[in-house]
Amino acid sequence: MPEKVTHPELLRLAAAFNWRLPSTSTVTPTESAYSDEHMRERAELDRSSWWYQTRNRIILNALQILPRDFALWDIGCGTGVVIEALTKDGRTVIGLEPSAAGADIAASFGQTVLPMTLESLGLPNQSIQAVSLFDVLEHIADRQALLREIRRVLMPDGYLVITVPAMTWLWSSFDEDERHHLRYTKRTLSAELSASGFNVRKSGYFFLFTVPPLLLLRALPHKFGWHTALTDTTAVGARGGTTGHLLAKIEAALSMRTPLGSSLLAISQPE
1 MPEKVTHPEL LRLAAAFNWR LPSTSTVTPT ESAYSDEHMR ERAELDRSSW WYQTRNRIIL
61 NALQILPRDF ALWDIGCGTG VVIEALTKDG RTVIGLEPSA AGADIAASFG QTVLPMTLES
121 LGLPNQSIQA VSLFDVLEHI ADRQALLREI RRVLMPDGYL VITVPAMTWL WSSFDEDERH
181 HLRYTKRTLS AELSASGFNV RKSGYFFLFT VPPLLLLRAL PHKFGWHTAL TDTTAVGARG
241 GTTGHLLAKI EAALSMRTPL GSSLLAISQP E
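Take the sequence shown: its letters are residues 1 to 271, numbered as in the numbering used here.
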């Protein structure tokens, strides 16, 4: 049996549903939102930026609602930075990443990541326990198709955990460069989830303190036609330092309890 099929979640599906992992040679390649070169450049940033590390802390706190024995499928997992944190926390996680470079990078950190999409797996109905989309949904053109597929494969008591960029008035050239289709509010994300057969159990904004710099240095210049290059590596506190670490602690403490933020997290279950 190939090494990747020894993952406990894949073994569970094989035993319970007689399901087999498709060969990557039979799967039609799917374009990733990011190039392989971009993925390689992001590998170090993902593991050093205070933004990613703080988001990991917020995600870990939010996931306490999930039973500890639930396996999580992280769709569009990139270089595996969230999987790494969840695995260290004792969670069973498997990643899906259409970028071959992203999947290879995640594997180099010891994570199980399949270079496939959810649709290509042909999973049985109501067969998996939890799915995550961490800053993925905004990249998808046909979001309802993906959400309906997640709804199909989730168990009735399963969970869908999502993070997305928030506040439509923070839209900027950064969103365009990142190939985002939109930024969300609690209302618009809830409406998308409801239309796909999900009930939102909990939702809330986070990254309150990033709103002022993003508004002043990204959104307002974009509104007036100025293209700025405030990237992840140049954003406030991007690589930590005393200020970054202090802000990280405050953001984690306030997460999902503030009236606004540059990111939004929602936890939902099938209706």
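Among the hints, erroneous ones may be present.
Unchecked claim - Subject to a maximum C-alpha distance of 27 Å in a straight line, what follows is the list of computed DSS-like cross-link-like pairs (lysine-lysine):
#, residue 1, residue 2
1, Lys223, Lys249
2, Lys186, Lys249
3, Lys202, Lys88
Bear in mind the hints are in silico, worked out from the structure with no lab data behind them. Predicted model only: the values in this text are computed from it and were never measured.
Inset, instruction - Compare the distance between the alpha carbons of Lys186 and Lys249 with 27 Å, and conclude whether the hinted pair is satisfied. - result: holds (24 Å)
Inset, instruction - Take the C-alpha atoms of Lys223 and Lys249, compute the straight-line distance between them, and say whether it is at most 27 Å. - result: Violated. Lys223 to Lys249 sits at ~32 Å, over the 27 Å cutoff.
Legend entry - Lys202 paired with Lys88 [C-alpha distance capped at 27 Å]: holds (24 Å)
Going down the numbered hints, you'll see the structure goes against just number 1.
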